[in-house]
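Asks: Taken in sequence, the protein lines are chains A and B. All you need for this note's numbering is the position in the first sequence, starting with 1, plus 94. All you need for this note's numbering is the position in the second sequence, starting with 1, plus 19.
To be clear, the hints were calculated from the coordinates, so they are not data collected in a lab. Wrong hints could be hidden among the right ones.
As the list claims (entries may be wrong) - Examples of chain B residues toward chain A, derived with CB under 8 Å:
(1) A75
(2) C77
(3) A116
(4) G151
(5) R152
(6) R156
(7) S183
Quick reminder that beta carbons are idealized off the backbone N, C-alpha and C, glycines included.
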Amino acid sequence: MPLTPVITEHWDQPDLYTRAGYERTGGYQALRKALATEPDAIINLVKETGLRGRGGAGFPTGLKWSFVPQGDDKPHYLVVNADESEPGACKDVPIMIANPHALVEGVIISSYAIRASHAFIYIRGEVPEAIRRMALAVREAKEAGYLGHNILGSGFDLDVVVHSGAGAYICGEETALLDSLEGYRGQPRLKPPFPAVAGLYSAPTVVNNVETITNIPWIINNGVDWFRQFGTEKSPGFKVFAVSGHVKRPGIYEAPLGITMRELLDFAGGMRDGSEVKFWVPGGSSVPMLTADHLDLPLTYEAMVEAGTMLGTGTPMMFDQTVSVVKAVTRWLEFYKHESCGKCTPCREGTYWITGVLKTFEEGKGNDPDLDLLNELCGQIMGRSFCALGDAAATPYPAAVSLFRDEFLMATHTPVDTSFDPALSYAFSEVAAR
Amino acid sequence: MTIAPGPEQTQTDLVTVVVDDISVRVPKGTLVIRVAEQMGVEIPRFCDHPLLDAVAACRMCLIEIDGNPKPQPACAITVTDGMKVKTQRTSPVAEKAQEGVMEFLLLNHPLDCPICDKGGECPLQNQAMTAGRGESRFEGKKRTFPKPINISAQILLDRERCVSCARCTRFADQIAGDPMLELLERGAQQQVGVADDAPFDSYFSGNTIQICPVGALTSSLYRFRSRPFDLVSTPTTCEHCASGCSLRTDVRRGEITRRLAWDDPEVNEEWNCDKGRFAFKYTHDGRVKTPLIREDGELRPASWPEALDAAARGLAAAGDRVGVLTGGRLTREDAYSYAKFARIVLGTDDIDFRSRPASDEEAQFLAAAVAGRLLGPTYADLDAADNVVMVGLEPEDESPIIMLRLRRAARKAGTRVWGVSPVNTRGLAKVDGTWVPCRAGDEAALLRSALQSGDSPADGSAEAAAVQITRALSTPGAVLLIGERLASVPGALSAAWALAERTGARVGWVPRRAGERGALDAGALAGLLPGGRPLTDPTARAEVARVWGVEPDQLPRYAGRAGSGAIVESASALVLAGIEPDDDPDRSAILAALGSETFVVSIETHHSAVTELADVILPVAVDAERAGSYTDWEGRVRPFGAAITGVSTVTDSRVLAMLADTMDRSIGRGDIGELRSELAALGNWTGSRAAAPDAIPETRVSDGLRLASWRLLLDLGRLQDGEPHLAATARATEALMSPATAAAYGLTDGALVTVTAVGTGSRPRGSVCVALRLDDVAHDTVWLPMNSPGCSVLVDLQSVPGESVLISLEASA
C-alpha cells in the first residue's frame with residue numbers, strides 16, 4: 095500500500111505555515127465552498143464519509159456533530175483538542191507547525207456546520223512553536239476576512255481563541271480540557287451531561303482532535319467517494335501516522351488506514367541495523383502492546399480491537415530486543431502516576447501502588463506473587479476509574495506480563511539494567527556515546 | 020438519612036426499578052444510592068452527600084447495572100424505568116469493585132485511628148470493616164505530609180488522612196458560598212488547601228469537620244480532647260440566634276466538649292454556623308456560682324433563703340413601681356415565668372424583653388403582626404417563594420441559616436432575593452441577590468414610596484427601586500424579611516406591614532437573639548399577655564387569669580411602660596435577667612439606675628456589668644444545664660433537653676417560683692412540665708388584635724454622613740467568651756464607604772479614619788478609630804461593625820444606625 099500524502103502533501107514548502115503559502119496550495123477554497131452549503135448538509139457529508147475521531151477513541155465525527163441540539167438559542171462552541179500528550183504521539187503538533195491554516199480552515203467549516211460562533215484551540219503548553227504558529231495563522235485568517243464578522247459575506251461570524259494549556263496530561267480528556275479552558279483546575283467532569291449538550295460554559299460543545307478537524311477542508315473539496323477510496327469500510331480515510339522508536343527513519347507517514355505495520359516500517363527504513371521488533375504499540379502507551387507476530391495486521395480501528403489492542407492515536411512506537419519490557423512498562427506507569435489528576439481513588443491510589451511494585455521489579459527485587467497482584471490491581475482500576483486515564487494506566491502491564499512473563503520473573507533476581515544494558519537501547523548512537 | 024419524596028414528586032412520576040432482585044416503585048430521577056437506602060441496603064460511600072452535588076470521585080459506591088459493562092457509581096446514576104441494579108449484596112462484581120476501592124483508599128491512609136479524633140465515629144473505619152479486606156497487601160511506603168496545617172485559626176488539616184472525597188471543598192463552594200477551600204496538586208499528592216493569603220475564615224467552616232468522612236479536618240477546640248464513645252450526647256437547640264438550629268451537644272465529665280449540627284430538614288438541614296458550633300466555653304467560665312447580696316456596698320455570698328428573702332423585701336418595698344427587663348438568653352418557658360411573675364407577683368406591666376434599640380412603634384407592630392401568630396413564613400416558604408425581599412437584615416451575620424436557605428433557594432429553586440441595605444454585602448452576593456441601596460434610616464421612606472408606587476414601568480429613577488420591590492412582593496409566595504434593626508427607623512415597620520398587606524406578601528420578622536420571639540409570644544412585653552393577648556381585652560384577661568388561677572382584676576389594669584429607658588426611669592426596683600447594658604441604647608440610664616437607690620435584683624448566669632452593681636444576685640442555669648425551648652424566627656418552637664446533668668443550678672423559672680413563694684404569692688413550681696402545659700393550655704390568641712402602627716417616617720433635616728451598622732456574626736458578644744480560635748476567624752474591624760463618598764471626604768482605601776458621633780443634648784460625643792475599606796456602600800454612608808474589637812457603636816459612639824456621624828483621617832496615620 096503506498097503512502098497517500100494529503101494533509102502532509104505540501105509540508106516540504108517552507109512557507110506553508112503562512113496564509114500565502116497555504117493559499118498557493120489551494121487553501122481556503124473549501125471554506126468558500128462550505129459557506130455556500132447548508133450547515134446540515136456539511137454535517138451529513140461528514141457523516142457519510144465515516145470520518146472517525148483521530149484523537150484515540152475513534153468516535154464517528156459526523157455523529158458527534160449531530161448530537162449538538164440546533165435551534166436551542168444557546169451559544170455553541172467548537173473546541174479543538176490540541177493537548178497532544180500521549181507518550182509516543184507526535185502528529186498533531188507537526189500538523190500545527192507545518193500547516194496551521196489547514197486546521198484553521200477546518201475549524202471555520204466545522205464551526206459553521208455546528209453553528210458555533212466561538213471556537214477554541216487548546217494547545218499543549220509545552221510546544222510554544224505550535225502555539226506561535228497557530229496564533230499567527232488565526233491572526234492572518236482574521237486579516238483576510240476568514241474569521242471575524244460576516245465571513246466572506248456569508249453572514250457567518252466566528253472568533254477563534256488559541257489557548258495554551260499548563261502541562262497536564264489529564265487536560266487531553268475532553269471534559270477536563272473544558273474545565274481547564276474555563277479557568278478551573280483540569281479534572282474530568284461527570285457525564286452525562288455530555289459536552290454536546292452541556293460542555294464549555296454549560297453550552298453545547300463539540301470537542302475534536304486536531305487531525306480530525308484538519309481532514310475537513312479536503313473532505314469538503316473532494317467529497318465522500320474520494321475520501322472513502324482510502325481505508326476500509328469501518329475505518330475510511332487516511333491517517334497521519336507518526337512512527338518512532340528503533341526505526342531507521344522515525345517520522346510522519348501519511349497513509350490510508352488499513353496499511354500494515356510492516357509496510358509502514360518499510361517506509362521508515364525498517365528497524366535499525368542488527369535489530370528486530372520485540373514489541374510495539376500502535377497508538378501511544380495507552381493501548382496494549384503487540385509483538386512481531388502482529389506486523390501484518392491492517393492498522394484500522396476494527397482490526398486493532400480484534401487483536402486485543404486499539405489504534406489509539408495511530409502513532410506506533412517500535413521497540414527492539416535491547417529494551418526491557420519491565421523498564422518500559424515502569425516508565426509508562428510512572429508517567430500515569432505523575433499525571434493522574436487525583437480525582438478518583440482507583441487511578442490516584444492504583445497508579446501509586448502499581449508503580450511502587452514495578453520499581454521493585456526494575457531493581458531486580460520483585461516478588462513472584464506480585465505479578466498476579468499487579469494484574470488484579472490493574473483489573474481494579476480498569477473500568478472503575480472516573481475517566482479513561484485510569485483505564486490507560488491499567489493497560490500496559492497486563493499485555494506486557496502475558497507476552498513477556500519470563501522477563502518479569504527474571505526481574506525477581508536481576509536488575510533490568512543488568513539484563514538489558516541501557517546504553518544499547520538508545521535510539522540514537524550519539525546519545526549512547528554520551 | 021431518610022429520604023421523603025418532595026411535594027413536587029407526584030405518583031405519576033414513579034418508575035419501577037429492580038434492586039437486588041426486589042422490584043420497587045420510586046420517583047423518577049432518584050439516585051440509585053437513595054433507592055437502596057430506602058430499601059435498607061447501605062451502599063458504602065465517601066464523596067456522596069445528600070445535600071451536595073454528586074461528584075462520583077471516590078468510586079466506593081460502585082454497583083452493577085444490567086446492560087452496563089462497567090460497574091457504575093450509585094451516587095451519580097439516576098434510576099430509569101426497568102433498570103436492574105445489583106449492589107454488593109447480590110453482585111460479586113460490585114462487591115469486588117468496592118473491596119478494591121477500599122483497599123486503594125487505605126493505601127495512603129495512616130491508620131492512626133487510636134489517636135485520631137474521628138476514631139469511633141469514622142465512616143472510613145466503619146466501611147473498612149464492612150467492605151474492606153482484613154489485611155492490606157500494600158507493602159510500599161505511604162505518602163506523608165507535614166501535619167497538621169492550619170487552614171484557619173480554628174480548622175486544622177491532616178492531609179495524609181484525607182481521602183480526597185471533596186466534601187469539604189464542595190460544601191465551601193456550594194453550600195456556604197465561601198470557595199476558599201480547593202483541592203491542590205494532583206495524583207497521590209492531591210490535597211486540600213487554601214491560598215496563602217486567604218484562610219478558610221468561613222462562618223460555616225465547622226461543618227466541613229462534621230462531614231469529613233475521615234479525621235482529616237479537626238478543630239483547635241476539640242482536637243485530642245475526647246473519644247466519641249466517652250461523650251454523652253443530647254439533642255439541643257442553638258442559643259446564639261433566632262435561626263433555630265437543631266444541634267447535638269456532647270458532654271464529657273460535666274463540660275461541653277463539642278457541638279454538632281443535627282439533622283433537621285425543615286430548619287437547618289444538616290448545617291450550622293461556627294458560632295453555634297464553637298461558642299460554648301461561656302457555659303463554664305465566668306459563672307455566678309452562689310447567690311450574692313450587697314452589704315455595705317460589697318457583695319457577699321449568701322444562702323438561697325437569705326438572698327431570696329433580701330430580694331423579696333426589696334421588691335415588696337417598691338410596691339408596684341417595679342420594672343422587669345429580660346434579655347435574649349431567656350427560653351420561652353423562662354420568659355413566660357417573668358411575664359407571669361411581673362403581672363401577678365409584682366403587679367406591674369412594666370416589662371420588656373428588648374434590651375436593644377427598640378421603639379413603641381415596634382412594640383405595636385409586634386403586638387399586631389407577630390405575637391402569638393401561627394408558624395410562618397418558614398424556611399420552606401423561602402424555597403417556594405419567587406421573590407424574597409430583605410429589609411434591615413443581613414442574614415449571614417444576623418441569622419446565618421436564613422442565608423444558607425436563601426442560597427439554596429436561589430441556586431436550586433430560582434428564588435430571587437432583594438436586599439434593601441446600605442451595603443452590598445458578601446452575604447447578598449452569596450444568595451445571588453439584587454442590591455437595593457438604601458441609607459440606614461431611609462428604609463421607611465423607601466418602603467413608603469413602594470407602598471405608594473403605581474404600576475408604572477421602572478425607568479431607572481429613584482422610584483424605580485420602590486416599584487421593583489412592590490412588584491417582587493406581589494409575586495406568588497413572596498416573603499418580606501425584616502430585621503429587628505428597623506425598630507430604630509421611625510415608620511419603617513408601619514410601612515413594611517402596610518406594604519405586605521397591599522401586596523399579599525408574608526412578613527417574617529427576624530430578631531437576632533434566640534429568645535426574642537419566644538419572649539414575645541410568652542408575654543414578656545408591656546401590654547401583651549401570653550399568646551399575643553392584648554392586656555386590655557376582657558376575654559384575653561379572663562383566659563389568662565383562668566390558667567394562672569387568679570381573678571382577672573388581679574392582673575394589671577392598664578398597659579405598662581415598654582422600653583428599657585422608660586421602665587428604668589420610673590422604677591424604684593428592677594428585676595434584670597440576661598441584660599448586658601452595653602447592648603442597650605439606654606445603657607447610661609440602666610447603669611445610672613444600678614448605681615442609684617433603685618433596688619436591683621439580678622437573675623444571672625454570669626458575672627457582668629449588672630452583677631457588679633446589683634443589690635441581690637441570684638444565679639441561674641445556662642441553657643445547657645436545663646431543658647427548655649426557643650422559638651425561632653419562623654415561630655417554630657424548638658425544644659431541647661439538658662445537656663449537662665447532675666449540676667445544682669436552677670432555672671430562672673424555678674428562682675421566680677421560689678421568689679414568689681418568699682413573697683407569699685404563688686406562680687407554681689416553675690418546673691418545665693408545668694410551664695409547658697400552661698403554655699399549651701393558653702395557646703394563641705384568636706380574638707381581635709391591636710391595630711398595626713401607622714407611624715410616619717421622620718423628615719431628616721440634618722444630614723451629611725450617616726452611620727450604618729449591624730452586629731457581625733462573630734464579635735464581642737458575651738456568649739463567644741473564651742474561644743480565641745473562633746474569634747480569630749472573625750471579620751476584621753473596619754469601616755466601609757463607597758469610593759465616591761470617600762473621595763468626597765478626601766479618604767482612600769486602607770486609610771485609618773476616626774468616626775465621631777454627632778452628640779445631641781447631654782450625650783457626650785464618642786469616636787472610634789478604624790481602617791477604612793472602600794466597597795459597594797450607599798452614598799454618604801459609613802458602615803461600622805456594631806460590637807467588634809475596637810468598635811462598639813452603642814458604647815463608643817453612643818449612636819444607633821441611621822444617625823449622623825463625622826469622619827476624618829486619623830491624625831496619627
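Asks: Are the hints correct? Go through all of them and say.
Replies: Tested hints:
1. A75: holds, 5 Å
2. C77: Where the cut-off is 8 Å and the nearest Cβ of chain A is about 5 Å from C77/B, the hint holds.
3. A116: This hint holds: A116/B lies near chain A, its Cβ roughly 5 Å from the closest one there, short of 8 Å.
4. G151: violated, 13 Å
5. R152: violated, 12 Å
6. R156: Since the shortest Cβ distance to chain A is 6 Å, the answer is holds.
7. S183: holds, 6 Å
Comparing the model with each numbered hint stated earlier shows that hints 4, 5 do not hold.
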